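For this one, chain E is given, so just place chain X on it according to the hints.
Number of protein chains: 2
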Amino acid sequence: MSNDTEATGRETITAAVLVIGDEILSGRTKDKNIGYIADHMTAIGIQLKEVRVVPDVEAEIVGAVNALRARYTYVFTTGGIGPTHDDITADCIAKAFGVAIDVDPRALAIMKPAYEKRGLEMTPARLRMARLPEGSELVQNSISTAPGFKIGNVIVMAGIPNIMQVMLDAVTPQLKTGAKMLTETIELFRPEGEIADMFGAHQKEFPDVSMGSYPFTTEARAFGTHLVLRSTSSDRLATALAGLKQKLAAAGKL
Amino acid sequence: MSNDTEATGRETITAAVLVIGDEILSGRTKDKNIGYIADHMTAIGIQLKEVRVVPDVEAEIVGAVNALRARYTYVFTTGGIGPTHDDITADCIAKAFGVAIDVDPRALAIMKPAYEKRGLEMTPARLRMARLPEGSELVQNSISTAPGFKIGNVIVMAGIPNIMQVMLDAVTPQLKTGAKMLTETIELFRPEGEIADMFGAHQKEFPDVSMGSYPFTTEARAFGTHLVLRSTSSDRLATALAGLKQKLAAAGKL
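Residue numbers (this note's numbering), protein chains in the order written: chain E, 1 to 254; chain X, 1001 to 1254.
Pulled out of the complex, with its shape left as it was, chain E reads as follows:
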């Protein structure tokens, strides 16, 4: 339903998130990154279009990276860049791009002194975290030093939420962004079934404003509905919102 370029003269920038890790699929770890990245993308004017979660299996990771990077402006991956044998993301990204992977002198130059300062040995396992696919740019990790990286349109980040968040902040200034998606919400203490026909008709009137209906329950009033209107054009959004409020009021539903 978006028609951003026409409405705002700005290009639409899209993204996908690829969550990598057996621990999410087994239920052992509950993902906290998808919602965070979704909020961040909306805030900076990038439209998140797809999310995938795949296991720590090379063919699955390579396949998903290549499918997603061909379709969206950016792909953000989380997970699998630690020091252990099950951390295979960097190797898979190299394979997906068909490039070599080796210890990166820039990564090593950051990691070695930081580890020494903390009294930690540069074990072969830790050295693994300095391995980057050829052609990568570093993404700074202000928490635990071992960097993420960006290659082509793919940004590779840690899975631990607070580390992922500082990496996302670090890479954000380099990202192209588009028109911001603006949102208006009407909260009704009515079940969705009561306003669905009217709301559907209103969507038809404003095909360029994306409209969604999200039921909720309250202890006091049983069923409620959030009607959410989204557009990159503040004018169109305001017109659609005013029109909807008028219809709801006329029907005694507001």
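Honestly, the hints are just simulated from the structure, not real lab data. Since we're looking at a predicted model, the values are computed, not measured. Among these hints, one or two may not hold up.
Said to hold, decoys possible - Here chain E is said to cover these stretches of chain X; the calculated rule only asks that three of the stretch's residues, wherever they fall, bring their Cβ under 8 Å from a Cβ of chain E:
| hint | stretch |
| --- | --- |
| 1 | 1022-1033 |
| 2 | 1054-1068 |
| 3 | 1073-1085 |
| 4 | 1192-1200 |
We treat Cβ as the ideally placed atom computed from N, Cα and C, and that holds for glycine.
Showing chain X alone in chain E's frame:
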């Protein structure tokens, strides 16, 4: 790394989750279903292999349903089966299977009296929720009546977590299940980098036991690591666990 049939004589049963909804991708709603379904699958002996989140766009939903149902024993979808115009999941499933969709007399027979009892009109919008693809079986909804459904290997559920959960319970007795994945965890108050080389070598010794390393931080002790071993064979799991504990103890890491 799984070799379940050999280890246990039971077939491996796999699943994917498809989350449908713009509200998850915009960040407005934080998904609570993926982690819940992941836990449930692990508990009943089904291996969750992939998750996708797609927007309320027909081509995206149809494409994802067909990709996933061809690859996995089951596909569980959440979201998009309410009464409003943006609830297009049932139509998309019908399209994916190439079958007709219409008001289902069994669904109507459940919904009509329940709605009347609550003093709710059977509006055209509510009637939409009784529309099911041809060949579907109903999945009972003990909370708000409007059913989910199962067609082929695809189970279609609501997006609201408590309704999704009762639908998942309702469909579970009909599912084929495989050997349960058993898990053992060792908690170390050491950073992963210290044990990664040893742990990788141990994985090579037990290729049939899946081993993952998950760092955590504590206020008191800085960096810790959970070493997780998973197998459908309790014997192999016990042997791998004992061997790993011995190695960790010998190295003074336990």
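Structure-based check of all given hints:
{"no.": "1", "hint": "1022-1033", "verdict": "holds (count 10)"}
{"no.": "2", "hint": "1054-1068", "verdict": "holds (count 4)"}
{"no.": "3", "hint": "1073-1085", "verdict": "holds (count 4)"}
{"no.": "4", "hint": "1192-1200", "verdict": "holds (count 7)"}
Violated hints are absent here; each numbered hint is respected by the structure.
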